[in-house]
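Using the sequences provided together with the hints, build the complete structure.
There are 6 protein chains.
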Amino acid sequence: MRVVTFGEIMLRLAPEGYLRFLQADKYGATYGGGEANVAVSLAGFGADAAFVTKLPENDIAEGAVRALRAAGVDVRHIARGGNRIGIYFLEKGASQRPSKVIYDRAGSAIQEADGTDFDWDEIFSGADHFHFTGITPALGDKTARITMEAAAAAKKKGIKVSCDLNYRKKLWSREKAREVMTALMEYVDIVIANEEDASDVFGIAAPADVTKGGVTAEGYVAVANELISRFGLEYAAITLRGSISASDNRWSAVLVSEAGEVYKAREYLVHIVDRVGGGDSFGAGLIYGLNAFDPGRAVEFAAAASCLKQTIEGDFNMVTVDEVLRLMSGDGSGRISR
Amino acid sequence: MRVVTFGEIMLRLAPEGYLRFLQADKYGATYGGGEANVAVSLAGFGADAAFVTKLPENDIAEGAVRALRAAGVDVRHIARGGNRIGIYFLEKGASQRPSKVIYDRAGSAIQEADGTDFDWDEIFSGADHFHFTGITPALGDKTARITMEAAAAAKKKGIKVSCDLNYRKKLWSREKAREVMTALMEYVDIVIANEEDASDVFGIAAPADVTKGGVTAEGYVAVANELISRFGLEYAAITLRGSISASDNRWSAVLVSEAGEVYKAREYLVHIVDRVGGGDSFGAGLIYGLNAFDPGRAVEFAAAASCLKQTIEGDFNMVTVDEVLRLMSGDGSGRISR
Amino acid sequence: MRVVTFGEIMLRLAPEGYLRFLQADKYGATYGGGEANVAVSLAGFGADAAFVTKLPENDIAEGAVRALRAAGVDVRHIARGGNRIGIYFLEKGASQRPSKVIYDRAGSAIQEADGTDFDWDEIFSGADHFHFTGITPALGDKTARITMEAAAAAKKKGIKVSCDLNYRKKLWSREKAREVMTALMEYVDIVIANEEDASDVFGIAAPADVTKGGVTAEGYVAVANELISRFGLEYAAITLRGSISASDNRWSAVLVSEAGEVYKAREYLVHIVDRVGGGDSFGAGLIYGLNAFDPGRAVEFAAAASCLKQTIEGDFNMVTVDEVLRLMSGDGSGRISR
Amino acid sequence: MRVVTFGEIMLRLAPEGYLRFLQADKYGATYGGGEANVAVSLAGFGADAAFVTKLPENDIAEGAVRALRAAGVDVRHIARGGNRIGIYFLEKGASQRPSKVIYDRAGSAIQEADGTDFDWDEIFSGADHFHFTGITPALGDKTARITMEAAAAAKKKGIKVSCDLNYRKKLWSREKAREVMTALMEYVDIVIANEEDASDVFGIAAPADVTKGGVTAEGYVAVANELISRFGLEYAAITLRGSISASDNRWSAVLVSEAGEVYKAREYLVHIVDRVGGGDSFGAGLIYGLNAFDPGRAVEFAAAASCLKQTIEGDFNMVTVDEVLRLMSGDGSGRISR
Amino acid sequence: MRVVTFGEIMLRLAPEGYLRFLQADKYGATYGGGEANVAVSLAGFGADAAFVTKLPENDIAEGAVRALRAAGVDVRHIARGGNRIGIYFLEKGASQRPSKVIYDRAGSAIQEADGTDFDWDEIFSGADHFHFTGITPALGDKTARITMEAAAAAKKKGIKVSCDLNYRKKLWSREKAREVMTALMEYVDIVIANEEDASDVFGIAAPADVTKGGVTAEGYVAVANELISRFGLEYAAITLRGSISASDNRWSAVLVSEAGEVYKAREYLVHIVDRVGGGDSFGAGLIYGLNAFDPGRAVEFAAAASCLKQTIEGDFNMVTVDEVLRLMSGDGSGRISR
Amino acid sequence: MRVVTFGEIMLRLAPEGYLRFLQADKYGATYGGGEANVAVSLAGFGADAAFVTKLPENDIAEGAVRALRAAGVDVRHIARGGNRIGIYFLEKGASQRPSKVIYDRAGSAIQEADGTDFDWDEIFSGADHFHFTGITPALGDKTARITMEAAAAAKKKGIKVSCDLNYRKKLWSREKAREVMTALMEYVDIVIANEEDASDVFGIAAPADVTKGGVTAEGYVAVANELISRFGLEYAAITLRGSISASDNRWSAVLVSEAGEVYKAREYLVHIVDRVGGGDSFGAGLIYGLNAFDPGRAVEFAAAASCLKQTIEGDFNMVTVDEVLRLMSGDGSGRISR
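Just so you know, the sequences run in chain order A, B, C, D, E and F. Just so you know, the numbering used here puts 269 at position 269 of the first sequence, and the rest follows in order with no gaps. Position in the second sequence counted from 1, then plus 1000, gives you the numbering used here. Position in the third sequence counted from 1, then plus 2000, gives you the numbering used here. Position in the fourth sequence counted from 1, then plus 3000, gives you the numbering used here. Position in the fifth sequence counted from 1, then plus 4000, gives you the numbering used here. Position in the sixth sequence counted from 1, then plus 5000, gives you the numbering used here.
Careful: at least some of the hints might be erroneous.
[Stated by the list, open to error] Short derived list, chain B residues pointing at chain A, Cβ under 10 Å:
{"hint": "1", "residue": "Ala-1071"}
{"hint": "2", "residue": "Val-1075"}
{"hint": "3", "residue": "Tyr-1268"}
{"hint": "4", "residue": "Glu-1313"}
{"hint": "5", "residue": "Phe-1316"}
{"hint": "6", "residue": "Arg-1335"}
[What the hints assert, rightly or not] In silico DMTMM-like links for lysine to aspartate or glutamate, alpha-carbon gap of 20 Å or less:
{"hint": "7", "chain 1": "A", "residue 1": "Lys-169", "chain 2": "D", "residue 2": "Glu-3186"}
{"hint": "8", "chain 1": "A", "residue 1": "Lys-26", "chain 2": "D", "residue 2": "Asp-3025"}
{"hint": "9", "chain 1": "E", "residue 1": "Lys-4176", "chain 2": "E", "residue 2": "Glu-4112"}
{"hint": "10", "chain 1": "F", "residue 1": "Lys-5026", "chain 2": "F", "residue 2": "Glu-5057"}
{"hint": "11", "chain 1": "A", "residue 1": "Lys-26", "chain 2": "E", "residue 2": "Glu-4016"}
{"hint": "12", "chain 1": "D", "residue 1": "Lys-3026", "chain 2": "A", "residue 2": "Asp-59"}
{"hint": "13", "chain 1": "F", "residue 1": "Lys-5026", "chain 2": "C", "residue 2": "Glu-2016"}
{"hint": "14", "chain 1": "B", "residue 1": "Lys-1170", "chain 2": "F", "residue 2": "Glu-5057"}
{"hint": "15", "chain 1": "F", "residue 1": "Lys-5026", "chain 2": "A", "residue 2": "Asp-59"}
{"hint": "16", "chain 1": "E", "residue 1": "Lys-4142", "chain 2": "E", "residue 2": "Glu-4195"}
{"hint": "17", "chain 1": "F", "residue 1": "Lys-5100", "chain 2": "D", "residue 2": "Asp-3274"}
{"hint": "18", "chain 1": "A", "residue 1": "Lys-100", "chain 2": "B", "residue 2": "Glu-1057"}
{"hint": "19", "chain 1": "F", "residue 1": "Lys-5026", "chain 2": "E", "residue 2": "Glu-4016"}
{"hint": "20", "chain 1": "C", "residue 1": "Lys-2100", "chain 2": "E", "residue 2": "Asp-4128"}
{"hint": "21", "chain 1": "D", "residue 1": "Lys-3169", "chain 2": "E", "residue 2": "Asp-4331"}
{"hint": "22", "chain 1": "A", "residue 1": "Lys-100", "chain 2": "D", "residue 2": "Asp-3059"}
{"hint": "23", "chain 1": "F", "residue 1": "Lys-5170", "chain 2": "B", "residue 2": "Glu-1057"}
{"hint": "24", "chain 1": "C", "residue 1": "Lys-2026", "chain 2": "E", "residue 2": "Asp-4059"}
{"hint": "25", "chain 1": "A", "residue 1": "Lys-26", "chain 2": "D", "residue 2": "Asp-3274"}
{"hint": "26", "chain 1": "B", "residue 1": "Lys-1100", "chain 2": "C", "residue 2": "Glu-2016"}
{"hint": "27", "chain 1": "A", "residue 1": "Lys-170", "chain 2": "D", "residue 2": "Glu-3267"}
{"hint": "28", "chain 1": "D", "residue 1": "Lys-3170", "chain 2": "D", "residue 2": "Asp-3141"}
{"hint": "29", "chain 1": "B", "residue 1": "Lys-1026", "chain 2": "F", "residue 2": "Asp-5274"}
{"hint": "30", "chain 1": "A", "residue 1": "Lys-26", "chain 2": "D", "residue 2": "Glu-3062"}
{"hint": "31", "chain 1": "B", "residue 1": "Lys-1100", "chain 2": "C", "residue 2": "Glu-2062"}
{"hint": "32", "chain 1": "E", "residue 1": "Lys-4026", "chain 2": "C", "residue 2": "Glu-2062"}
Since the hints were derived computationally from the structure, they do not count as laboratory data. Idealized CB from N, CA, C, for every residue including glycine.
As structure tokens, then:
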């Protein structure tokens, strides 16, 4: 199974432990970004995963390439050029104090890329699946256009297309998002969203009050059904996070099929190590799972994989298929595996 | 609003993470002390806060001055001279293992300061509020006398005076504390205490068994009322900590006014990052809150501010008014603020 | 009280915090091993504890000697020679992600030691107690034989002998374990085991499903009784761990005497810092407790000591008798001890 | 003595020790920039130093403000707004491997500032000296214009103006630099340059081959004289660096006065800890020295101060006047001062 | 240009900075080994480099694979299986204190590999060059046999073969080395050695006293000539290290051709950051250089590349062709490249 | 050979690398003090070394006990009690920037010890040698008296007594030092001093100008002879440090015997890692050397041992006799010992 993802990868700079930005005199440096995270997860599952982006020719960007290569991701289609790699600063929250993200991504190479940087025909050669998120078209009109070209090219080749809505209010307005994402939906087979994305992007709301930690799965089934019918999807999946605090979250998901079958994953109570990339690891798990298992097992696989991600530092989910299956099989006891 | 606080600031040396002293081969070095912590908190809220103490002329003490200056605290009235800055060693507890503090503060510059080191008339020029804690007079007869002079000078200028009882059994006996603190109460308008202080210092006891994690707010309302009537106070506030373990605490507070009105703050279940300075951040929140809001909102502000403090490393509370208000508004879910 | 323990001590290499092996570019280096951990614990309680092993003459092994010496353990009977010190790599788990251990101990000096390396007559001179675990005989036929010689020598001198079953499936089969351990039981007075050891080694099973976090103490009383009657023991103790997740465990134990008296320790809900060595610290606590207190208090002491261990980094339990007694006396609130 | 400096301050991200960018998984985070460095140095000498810039309202920028405040720099005239703080990445060289700098400063708040952000009349109230470097006008036409306004305002108020040429080829061409800097020279009294700046900016070349480590002071006296006569300066100072390797440098300087008097500082052989900011610390030393001493002593003070800077990590020179004088007095032996 | 190297890669564990083993409580973890280092260097120069070895299936070994992959090395021919990855501990020396290496490599997967693990025909498909060192056959008879098979296969395919003698006295005796290496020489075209290797392995001695820091290049030309004539080589290269101390070394090399032409590289005075892997980086530079340049330039390239290596932490040389050429062009001044 | 040393051991707090105090947010924590350093060095040489002091009963002091115990020092005669362990802060210098020490040792347990804390008769049982330094009597009249008692007791038992003058101007005046040290000299057989001590304490001056890095050994022979004749010594040894800079020192020593024989050690050019404890390691080397070798070899041993110390972090010299002998044998090349 060969999967191609397309988007931005950023340098992630995070103070150690629970230090606030104002207390930090050093930053842990890793790399991450929605679609890159998905590619890394898939490579960890043994899939053939390629990540496509544009990065400048300097050592900071080269570090991103090396991180991807170390994880087994195919980086041959990364265009090089432009001025900078985007950066995001992450301050990890604890208990009642929320995590905080400061983006410094304007002017990044991928934001200033244009269509000629990517030869989708060649990129998609041999591919089975194309994945992108709502962040990529949100970066600007240029990336929106490239994403459209990529999705169209994939569709034309009969490649399955998935999209994680991933609405980012700092990047674009709800109106703009709806316009662009609606156009992209034409090429999409599988949509992934968190509880708020469908409402933010398409105005499809669910009743639950997420700030209170209470999540009603049923409400989201309705959202998924509406997404499927509105856009003619194969599957819609919605992740369900119950934020008890920055330290403890409930985590689950529902998957709904074209035919209206509902698959609800087991709920995990996660003592959070790092929740960034949780949604991406779900996406990767779902892509892998729908390929390897039946839909019910697929959403369980995705939920278990993303549960584990949240116990791991960094954007990247560093787990194997075996580890995910062990958690699915009911062993969440955390006993030492000697 | 200009607030002056007076007391000792120490070098705080703490092993990394949850290492015990006997495992440490390095110590994180920050600075802290009851009144300094209050000043830093207030400066973070945007108030004009000055901290008064005496520090020796060496680089270790200079580090304290710089930490205060970085936080925006006015350090112009810090007297320089004497032999050493006090030190305290902190070992962070976890679960059933309590945190451990080793004080090494004897002979510090502030302990050997005398009245001529401080010109209270000049120090209080333009000030609205004076705050001290029971630690300062406990350091010795000299600091007790200076505190008395400062409180008297503040009162004479019509400046509001607050005192956090902060009883430290290693510094003085209950008898000595009662004698000195009773004299100081003459100048005090607002008293802040934890569940045990009023009993330790003034023999005003409340029924609850704090070691069991059970705290009855009502008992402390009685304590507050007794403090108000005995010393003619404007307000008495009592913080309520339910220590489930070193890792998890319940946290709340009551505020009682001269008129007997009772304001009880919401209770937080805090997954502790660092509880040192929790009381100080409450004090700062209350001083700020009583100035900016009505009493009910003031105690909520103080409780929320000090809840957040306990999710932050170090003695200093590094939060903004906005962050406190967001928590008060009910969003304790710890969702990432992107 | 002089206690001798015999076994392997390894270099323990663990990534920082919750990093996975694949994320680590540095390893914290400490030392540990079942019997060494027991000796260190006992030395911390003020007992005269000697640890016997064989270590090569290089600086990595010398580090183990120094760590033991620092902890107050008598290292005079450690034989020197051979090729390497065993190593184990530890990745700390969190929430649903289990801790992971990679052993690299083949060919260690102790595994290749032979009987002439140890003069048990001299080693046991003045000793009151001999302790070993099921790991030592599992290392190979040579260590099995030496353990037998040691246990026999101890018995002959009238020294009390305790054994922690500690079954390790990577070191030997259940069949081999049963054969060797049964022979060793002839010399043993006190057996310590976790919920699974008696079943793995001797086929004595208890009903509870440990992977679900549910532990029924009663089932284990039956196991203990069976151990006592089968091997003519003085005491059998079984530790009871309820793994809620890698981050939170329930922890308790039962002690059963020859006479059938059952002593059940209080149950602790432990927020885990490092659970490795938990069983060893229980063993040390029990050895100390049976010497210093009555059996009921002994098992409480052992449970409290090992509860505290799990809040401390590293294999070694760094607690004093006072700290254990304070927890036993009910103060598990984690209040700061200033 | 009150000195105002104007320019950009950046977040500086540097791998630990001598690690290359491609090896780094964490970056030490400090702040620096030519004019900020000068202000910090002067504050360390006890001068009243203000730094003027524009910074966005986020925590990363707030860190810069705090670093300046901690160092005692007046930050009241820093405008707030804009999108980002500039960043530079620094890889420290060693021996034959040069240090490497990657700038990521495009789009910073100061680069997008305009004239209305600064009220020079108020900023210069009470000031004796204004300092800027060639980097500020190189950032763009806007900052060039603001620098011109500032210099003109200073001149009009009779404030002494100094400029460090600091040519950066990545920011502008030699032609553009010459045009803009020539216009600015109208307001400048004191010019500071390294061996190449005068040639790069004004085409005033000196014979020595700096890449070979050989520096002839005499050649630079001619350069200084030419600068003085061409621009009607009071003083021209040129720093002389002999780069033996990235680890060892020779360091000296010449100062020439309007009247043609030549003052040559002693030469130091510096075993480099961090050479970034060396020129800035020279500038600060010269500004302080010309105010406090005669010209000969001033250039010695500047050379000694900047020699010490290169033994200190970070952009900022953390030395006192006493420390500089001790080195000038001949004690470069590095004996421990107990 | 495609180069294949074959040998062992180990986990390298080194205390931080200049700490001795007995002071270390953490170890930096990287990977290295003669032939792996050569492959990484070549990949850094842009060559297509493959490293062949056998590694066990655990995360510690997986880390080695990822490090190689990150560096751009082709790892597809690494066999998986066996029990452990070899380890070496490195204590960095300083001044008069030598660096110290403790090997813990017995029983590693590659040592226990056999011929069926590698399909040389497939491995060498498309390759231009095969490189191994004297360490690989020294690991045991099995690896000696596999090396012989590999070298023979390479020769048969007309692939150029190079060998770095790299004598390790802890792995085999001089007699055994001479016997095995003599047999291997039949297939070798290019020999690389340090000053002592030719003498240790083949008894071909040169006069200079390396412990005194004095190295006479001429003596080594004679050694090279003797190697060429005895084994019918194309080239023999000898690196010349003058150890002034653990902190400062002189570094150069001579290359002699079949025809007796002598090429002597410039001598560098290196202030050492990490000298491990210096010889390997020379080998990689020579392989690259002989392919890209004339012999004189090749040895200069190799010497400059390996000079830079010694300014870089870790076994791996992280430099580009551009960086090497810049040093060769005479710029060893270490000026900052901005 | 059993050696007893008596004095103060302090907690040493040092910023990482070359950071200044004002830049430090963590301190490396080790322990050191003149006489403790000597005991550790001797234990490292395999001698039976005991260190005598008084330390409070807290974990910070316990850390000192453990560090000594780890190093193999006999700690059974350390008295426990008093209020604090002394602290010293160390900022490591580089190049022209000197190292800086801030003492915070007033009120330490040893300073407030009295005669009854030590039973010299028992302490000296079995001892061959007693060593103290001029720091101990300088701590106060009490320690001066105890030192006198100890020296007298040693003399009475026929134990050899050595004293390192170690003048500390912050602890006492030259006059006081001369008075007290003159009295102590009655019991001393071997005096050790640096270039300035004899002049500071006894007014016995030598001509060389140490701040210039120039040291004339001959001048110090005269000083040694004068010490011998004035106090009837067996040996006087003087260490000769040529401080080129904080990074590079020349290091040698002369030993003069009662009979006037002069033994001059080889001079080392040391690239400094940590020079603190250099004199103490010389003292330990001399004590060991005079016992094991002839005087000429003894001073060479002492010089080589202390040369190595200066390449090692911390106060303690962590070297073996073998390592010292290897350096003496001429191998200062720093080649890797594999």
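Each hint, compared with the structure:
no., hint, in the structure
1, Ala-1071, "9 Å, holds"
2, Val-1075, "18 Å, violated"
3, Tyr-1268, "6 Å, holds"
4, Glu-1313, "6 Å, holds"
5, Phe-1316, "9 Å, holds"
6, Arg-1335, "5 Å, holds"
7, Lys-169(A) to Glu-3186(D), "49 Å, violated"
8, Lys-26(A) to Asp-3025(D), "10 Å, holds"
9, Lys-4176(E) to Glu-4112(E), "19 Å, holds"
10, Lys-5026(F) to Glu-5057(F), "25 Å, violated"
11, Lys-26(A) to Glu-4016(E), "18 Å, holds"
12, Lys-3026(D) to Asp-59(A), "14 Å, holds"
13, Lys-5026(F) to Glu-2016(C), "18 Å, holds"
14, Lys-1170(B) to Glu-5057(F), "15 Å, holds"
15, Lys-5026(F) to Asp-59(A), "30 Å, violated"
16, Lys-4142(E) to Glu-4195(E), "28 Å, violated"
17, Lys-5100(F) to Asp-3274(D), "19 Å, holds"
18, Lys-100(A) to Glu-1057(B), "38 Å, violated"
19, Lys-5026(F) to Glu-4016(E), "16 Å, holds"
20, Lys-2100(C) to Asp-4128(E), "42 Å, violated"
21, Lys-3169(D) to Asp-4331(E), "19 Å, holds"
22, Lys-100(A) to Asp-3059(D), "10 Å, holds"
23, Lys-5170(F) to Glu-1057(B), "15 Å, holds"
24, Lys-2026(C) to Asp-4059(E), "14 Å, holds"
25, Lys-26(A) to Asp-3274(D), "17 Å, holds"
26, Lys-1100(B) to Glu-2016(C), "23 Å, violated"
27, Lys-170(A) to Glu-3267(D), "54 Å, violated"
28, Lys-3170(D) to Asp-3141(D), "15 Å, holds"
29, Lys-1026(B) to Asp-5274(F), "17 Å, holds"
30, Lys-26(A) to Glu-3062(D), "15 Å, holds"
31, Lys-1100(B) to Glu-2062(C), "31 Å, violated"
32, Lys-4026(E) to Glu-2062(C), "15 Å, holds"
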